[in-house]
Amino acid sequence: MWSFFKDSLHDSNMDNYIPKRKSNGKFVSPPLWMDKSAKLAILKKRKSWKRYKYSRSTCNYERYRNDRNVCAASVREAKMSFERKVAMESKSNNKSFWKYYVNSRLKTKSGIGSLLKPDGDVATDDQEKAETLNECFGSVFTRTDDQPDELEAQVLNYELADIVVTEAEVRKKLDCIKVDKSVGPDGTKVLFEVRGAICKPL
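Numbering-wise, the sequence shown is residues 82 to 283 according to the numbering used here.
Among these hints, one or two may not hold up.
[What the hints assert, rightly or not] Derived DSS-like pairs: lysine-lysine, alpha-carbon spacing no greater than 30 Å straight-line:
(1) Lys-131 <-> Lys-176
(2) Lys-120 <-> Lys-176
(3) Lys-166 <-> Lys-254
(4) Lys-180 <-> Lys-210
(5) Lys-131 <-> Lys-166
(6) Lys-253 <-> Lys-210
(7) Lys-180 <-> Lys-166
(8) Lys-180 <-> Lys-160
(9) Lys-180 <-> Lys-128
(10) Lys-117 <-> Lys-198
(11) Lys-125 <-> Lys-172
(12) Lys-281 <-> Lys-180
(13) Lys-128 <-> Lys-172
(14) Lys-120 <-> Lys-198
(15) Lys-253 <-> Lys-131
(16) Lys-172 <-> Lys-198
(17) Lys-134 <-> Lys-120
(18) Lys-198 <-> Lys-210
(19) Lys-160 <-> Lys-210
(20) Lys-125 <-> Lys-176
(21) Lys-166 <-> Lys-120
(22) Lys-166 <-> Lys-134
(23) Lys-254 <-> Lys-172
(24) Lys-254 <-> Lys-180
(25) Lys-176 <-> Lys-253
(26) Lys-253 <-> Lys-281
(27) Lys-253 <-> Lys-160
(28) Lys-166 <-> Lys-253
(29) Lys-117 <-> Lys-210
(30) Lys-198 <-> Lys-253
(31) Lys-128 <-> Lys-176
(32) Lys-117 <-> Lys-128
(33) Lys-134 <-> Lys-198
(34) Lys-134 <-> Lys-172
These aren't lab readings, by the way, just hints derived from the structure by calculation.
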C-alpha cells in the first residue's frame with residue numbers, strides 16, 4: 082500500500098507543482114542603525130538556532146544561547162551608536178534627525194496617493210503628481226483688475242563703483258551656507274566644500 086502511494090506521488094510530478102519556497106519578490110532594506118557587526122551577529126544567531134532546531138542537543142542549545150546574547154548586545158550597541166551619531170549631527174544638520182531617526186520610528190508613512198488628471202488619466206509618479214497639483218492650484222487663483230499682466234522692467238542709470246568686498250567677508254558668507262538644505266542649480270554644497278579656495282577669487 083505504501084509503495085503504491087509513494088509511486089503515485091512521484092508519478093504526479095509533485096516537484097513541478099508543489100512550491101518549496103514562497104517569495105514575494107520585495108526587497109526589504111535593512112534598518113539604518115544596522116552595521117556590519119550587528120548583521121554578522123544576527124546571521125550567526127540564526128545559524129545556531131537552525132542547528133539546534135535540527136539536533137535538539139544541549140550543546141547546540143548552549144551555543145545558540147551564547148550567540149543570542151552576543152547578538153542582543155551587538156544590536157543594542159549598534160542602535161546606541163546610531164543614536165549618538167544622529168544627536169551629534171543634529172545641531173549642524175537637523176535634517177538627519179528628522180529623516181533618519183524620527184521618520185524611521187514611525188509606524189505609518191504619509192504621502193500623496195495617485196491623483197486623477199483632468200483628462201481622466203491617473204498620475205502615479207512624483208513629477209506627474211506635482212504637475213497635476215500645480216494645475217489645480219493655478220486654476221483657482223483669482224486675478225484683480227489692478228494687477229498688471231506683466232511687470233515692467235526697471236532701468237537703472239547709475240553704477241555702484243565704490244563697493245569694497247574683503248576676503249574675510251566672503252568667507253563669512255560662505256561659512257553660513259546651510260548644507261542640510263536642498264541644493265539649487267548653483268550647487269550650494271559644492272561651494273561650501275571649496276569655500277577656502279574660492280573666497281579670495283570671489
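Hint-by-hint comparison with the structure:
At most 30 Å may separate the alpha-carbon atoms for a hinted pair to count; Lys-131 and Lys-176 exceed this at roughly 41 Å. Our distance criterion of 30 Å between C-alpha atoms is met by Lys-120 and Lys-176, whose separation comes to about 26 Å. Between Lys-166 and Lys-254 the CA atoms are separated by roughly 27 Å; this keeps the pair inside 30 Å, and the hint holds. Straight-line distance between C-alpha atoms of Lys-180 and Lys-210 comes to about 22 Å, which keeps the hinted pair within the 30 Å bound.
Using a Cα cut-off of 30 Å, the hinted pair Lys-131 and Lys-166 is violated, with the two alpha carbons roughly 35 Å apart. Pair hint Lys-253 plus Lys-210 does not hold up; C-alpha atoms about 40 Å apart against a cutoff of 30 Å. Of the supplied pair hints, the one linking Lys-180 and Lys-166 holds, its CA atoms being roughly 13 Å apart against a limit of 30 Å. A hinted pair counts as satisfied when its Cα atoms are at most 30 Å apart, and Lys-180 with Lys-160 qualifies at roughly 16 Å.
This hinted pair does not check out: Lys-180 and Lys-128 have alpha carbons roughly 34 Å apart, beyond 30 Å. A threshold of 30 Å between alpha carbons decides the hint, and for Lys-117 with Lys-198 the separation of about 46 Å lies outside it, so the pair is violated. Note on Lys-125 and Lys-172: the hinted pairing is violated, with a Cα-Cα distance of about 37 Å set against a maximum of 30 Å. For a cut-off of 30 Å, the pair hint linking Lys-281 to Lys-180 is broken: about 36 Å separates their Cα positions.
Restraint check for Lys-128 and Lys-172: the C-alpha separation of about 41 Å exceeds 30 Å, so the hint is violated. Only pairs whose Cα atoms come within 30 Å are accepted, and Lys-120 paired with Lys-198 is rejected, the gap being roughly 45 Å. Between Lys-253 and Lys-131 the alpha-carbon distance is near 60 Å, which puts this suggested pair outside the 30 Å criterion. A C-alpha spacing of about 42 Å is found between Lys-172 and Lys-198, which places the hinted pair above 30 Å, so the restraint is violated.
Annotation: proposed proximity of Lys-134 to Lys-120 holds, straight-line Cα distance about 21 Å (limit 30 Å). Only pairs whose Cα atoms come within 30 Å are accepted, and Lys-198 paired with Lys-210 is accepted, the gap being roughly 9 Å. Distance hint between Lys-160 and Lys-210 is unfulfilled; the C-alpha atoms sit about 36 Å from each other, more than 30 Å. Our distance criterion of 30 Å between C-alpha atoms is broken by Lys-125 and Lys-176, whose separation comes to about 35 Å.
Using a Cα cut-off of 30 Å, the hinted pair Lys-166 and Lys-120 holds, with the two alpha carbons roughly 19 Å apart. At most 30 Å may separate the alpha-carbon atoms for a hinted pair to count; Lys-166 and Lys-134 exceed this at roughly 38 Å. Annotation: proposed proximity of Lys-254 to Lys-172 holds, straight-line Cα distance about 19 Å (limit 30 Å). Restraint check for Lys-254 and Lys-180: the C-alpha separation of about 27 Å stays at or below 30 Å, so the hint holds.
Taking the CA atoms of Lys-176 and Lys-253, the gap is near 23 Å; set against the 30 Å cutoff, the hint holds. Proposed proximity of Lys-253 and Lys-281 is supported: the alpha carbons are some 12 Å apart, at most 30 Å. Proposed proximity of Lys-253 and Lys-160 is contradicted: the alpha carbons are some 37 Å apart, above 30 Å. A threshold of 30 Å between alpha carbons decides the hint, and for Lys-166 with Lys-253 the separation of about 27 Å falls inside it, so the pair holds.
With a C-alpha separation of about 38 Å, the suggested pairing of Lys-117 with Lys-210 is violated against the 30 Å cut-off. Annotation: proposed proximity of Lys-198 to Lys-253 is violated, straight-line Cα distance about 48 Å (limit 30 Å). Using a Cα cut-off of 30 Å, the hinted pair Lys-128 and Lys-176 is violated, with the two alpha carbons roughly 38 Å apart. Taking the CA atoms of Lys-117 and Lys-128, the gap is near 17 Å; set against the 30 Å cutoff, the hint holds.
The hinted pair formed by Lys-134 and Lys-198 fails the criterion: a straight-line CA distance of about 56 Å is larger than 30 Å. With a C-alpha separation of about 48 Å, the suggested pairing of Lys-134 with Lys-172 is violated against the 30 Å cut-off.
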